[in-house]
Amino acid sequence: MNAPGKPQTKAPSPLVVLLACAVLFVVTSLVARAYYLERQKLSRAHFDRGQKLAFDCNYRAAVDEYRVALSFSHGDSNDQVALARALIELGSLDEAATYLGELYQKDSTNGIVNLLLARIAAREHRSNDAAALYYRAIYGFWPEAGAKNRISARFELIDLLAKAGDKNRVLAELLQLVSEAPDNPDVEKRVAKSLMAFGSLNRPAAVFREALELDPTLPTLSAGQRQQRARDLLDRTLTLMESCTFGSGNPQSGQAEELSNAAKKLLSSQHPGISEGFTPQALALAEQLWKTRSAICGPVPDTQKPVAIVLAKLSR
Amino acid sequence: MPEQTGRSQLFSKRRLRFTMSETQRFLLLALLIGVFAALLVVCFHIVIDFISWSSLGTLTDRFRFKRLIPPTLGALAALVLVRRFFRAAQGSGVNQTKAALYISDGYVPASTVVGKFVACSVAIGTGNSLGPEDPALQMGAGIASLVGRSFRLQRESMRLIAPMGAAAGIAAAFNTPIAGVLFVMEEIVDAWNAGVVSSILLASVSAVVVARWFLGDQPIFHVPAFELIHPSELLVYAAVGLVGGLLSVLYVRSIELLRERLDRLPKWSRYVQAPAAGFLIGCFGLWLPQVMGAGYPAIDSALHNQFPWPMLLSLGLVKMVATWLCFSAGVPGGMFAPTLFIGAMIGGGLGGVAHQYWPFPTSPPDAYALVGIGTFFAGIFRAPMTSIFMTFEVSGNYVVILPAMVANIVSYFVSRWLYPTPFFTMLAKQEGVDLPSAEERRSIPILRVEDALRPGNSTVLRSNTPIARALEEVEKTGRDHSLVERAGGKWSWISRKALSELVRDSNGNQTLEQGIELPLLPWVYPDLPLDVALRLLGSYPLLPVTDRAHPERLLGTLTLEDVHHAYGISCPPQASR
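If you read the protein sequences in the order shown, they are chains A and B. So in our numbering, spot 264 of the first sequence is number 264, and the numbers just go up one at a time. So in our numbering, spot 172 of the second sequence is number 172, and the numbers just go up one at a time.
Don't take every hint at face value.
Selected chain B positions facing chain A (in silico; Cβ < 7 Å) [claimed, not checked]:
#1 V42
#2 I46
#3 S55
#4 R149
#5 F151
#6 L153
#7 Q154
#8 A225
#9 F226
#10 H230
#11 P308
#12 P310
Read the hints as simulated data drawn from the structure, not as lab findings. It should be emphasised that the depicted structure is a prediction, and the values quoted were computed from it without experimental measurement. We treat Cβ as the ideally placed atom computed from N, Cα and C, and that holds for glycine.
Using the sequences and the accompanying hints, generate a full structural model.
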């Protein structure tokens, strides 16, 4: 090692040092600006290349391009999402999960991040996690095309539930879908497709139609129609409850009786015309009755499926 | 006339107000040094990236054979620069900074800064497997030395100014203020007094602020969420530390041996060794381009589970060989980034194996890569605190502290046990300079007062003892001096000669305090370093050793003879008996 010797040269004056520091500051600012722009340019170029490759389904090459883009952009969230999406397509779920995990830490309400995490969970057969993440994606924040993305996410959820054989929840989600996007031919087409996926078209379609006619939460309904449907729903739930708890001797039947009495009172108290507060009260009571009935008597017969679907939707 | 006096008084008051003490000036300069060093490090960082983009392109470039030429030419160019034009810029930046501290009173030639900047940008930018932190550290020290000289600091301040710049340089390069400070304190200065720590902290913080201003406040790595899944994972982390420690010993030894071998070759062969090393790096880069350059993007990829465990282990081992070749062949650049790379890859690789075969649930390999970052660093540089805090700083996650502590401490102890010579000490010795190692200094046992004290209080006189009796008692002990206990927990001493004279000249029935003015004696505590007592024994013939909790309670006495005895000096120059 060349150990530095004692100073041979004259030291510069403090003014010169301060001046040098100021000059270096200006130079650094200029260089840093150029550096930043160059990084942006390179990142954009590689990202675009990645997008093209992903569009052509060449995910392996797309992943490489996105990785390079990400190394230039210092963790830009668009690059991370694009990379994660391509990685999921490639089957590199662990790596995709780490990028998405980082984004999730930054913003847990991000719709696309939740959707991609849900897809990973679904691919890893973690159905409950996947369903929860799909819900977070559906109700999460989408900076653009929110409605379209939410519908798409709900269809993925429906596919997941259908694979798990949870027919009630599938029909409940379909009902929700129709209520959120009424008169949307694309949605109707996909709803029909989903119904067909159950194997028999006629029975699920009939159940679905009946549930649609019973659902008091459809946004296209007038206040009067909504009240009428809430009344019908409560009435049918009460009937189901009474037929099930009659003489059962179940310890919960005391609570069931209380709820039944409250429902009867509410039904008999209704005057002609729209009465304020009736609909939410009736729906809340119907939901409670349904829960109690389910605890005491278990699943409903097939003929009452529409009620079950509407109440499943309400309870969610 | 009175008016003039008033003016001059006012003037002198103003002067008083604007005159700064050396410490104040030192602290203010710490800020300036931090800013100045960081500006230079930012430029250094940017220049390396520009050279890398233009010479190597990116990982997705199709014509990969072009990776062979830049490291070869870059290594040659950098070597020519440091051997022909900037000779002072050769060697390790840490050792250069130590030399400035211990040999040259803080002097680091300005040409070192320019030399390191140019040569290392070329070498690292063209893909040679070395890091920018050690050069950044030395550039910081060079800037600090320049600033200190221009502001005409005193010698003691000048000595400390180079480490201050070094801390600023390394903190700006790593974007980790705590690790920068700790490394300098652990490896270079080894002094924890308030003035030194605060000035180094100030320089480090101002450097990081400036670096973040220009490069963004993004951390050096984007670290995913970290959690300890199962307590048994700590065993796996300990294994990561064990392997890191073993590999670090192997690595240091192999560097030592290869450098020795290459040094024996004719001097002209240097101009072949460096480009040959560069060419080999290019060859490695054909298949594993991640090992080229500092390798930070690859560490980031490992932290995102990009590589399967066999690939992680391969990357770690190939990087070891690549850095070993570059460093031993004298290509200018630092070892910090490669050690982080190797640690991360080896850690991640072992984590991947554990994830697959460990009987209990474990974290994915990225968690092990994160903890592994510091293990190789701790094993090689023997700076465990720095490596632990660096892992913490780059992850920003407190949960990582426990596994990082386990892995880094195991690595540190294994490495220290198998090869006690620290890396920088080994390098300095090879270069013919004997620089102190902070680690070695910390391990030197300190002798304390308790190791030398003569227990008991048989020779203590009281201040109300009659002079004649006092003389008798002192003569019985055979010592020249005796302690005198005074009221209020104070101590004095008296010599036998003085007592004899008092008995001869006055009434022997007088008490000591009546007969003579007894000088006060300072006392020492048993836990104080013997050095402190030794300084006092220059002025007093003996010292009382008392209890800290009960200062009036005498534990023993201490004389120069006792100190000599504790130090193993058999024939003291002047016997006190």
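Each hint, compared with the structure:
1. V42: holds, 5 Å
2. I46: Hint holds; B:I46 Cβ to chain A Cβ min 5 Å, cut 7 Å.
3. S55: Because about 15 Å separates B:S55 from the closest Cβ in chain A, which is outside the 7 Å limit, the hint is violated.
4. R149: Since the shortest Cβ distance to chain A is 4 Å, the answer is holds.
5. F151: Holds - the Cβ of B:F151 comes within 7 Å of chain A, reaching about 5 Å at its closest.
6. L153: With a minimum Cβ separation of about 10 Å from chain A (threshold 7 Å), the hint on B:L153 is violated.
7. Q154: Violated, because the Cβ-Cβ distance from B:Q154 to chain A comes to roughly 14 Å (cut-off 7 Å).
8. A225: Interface hint status for B:A225: holds (5 Å vs cutoff 7 Å).
9. F226: Because about 10 Å separates B:F226 from the closest Cβ in chain A, which is outside the 7 Å limit, the hint is violated.
10. H230: violated, 18 Å
11. P308: violated, 10 Å
12. P310: Violated, about 15 Å.
Hint violations for this structure: numbers 3, 6, 7, 9, 10, 11 and 12, all remaining hints satisfied.
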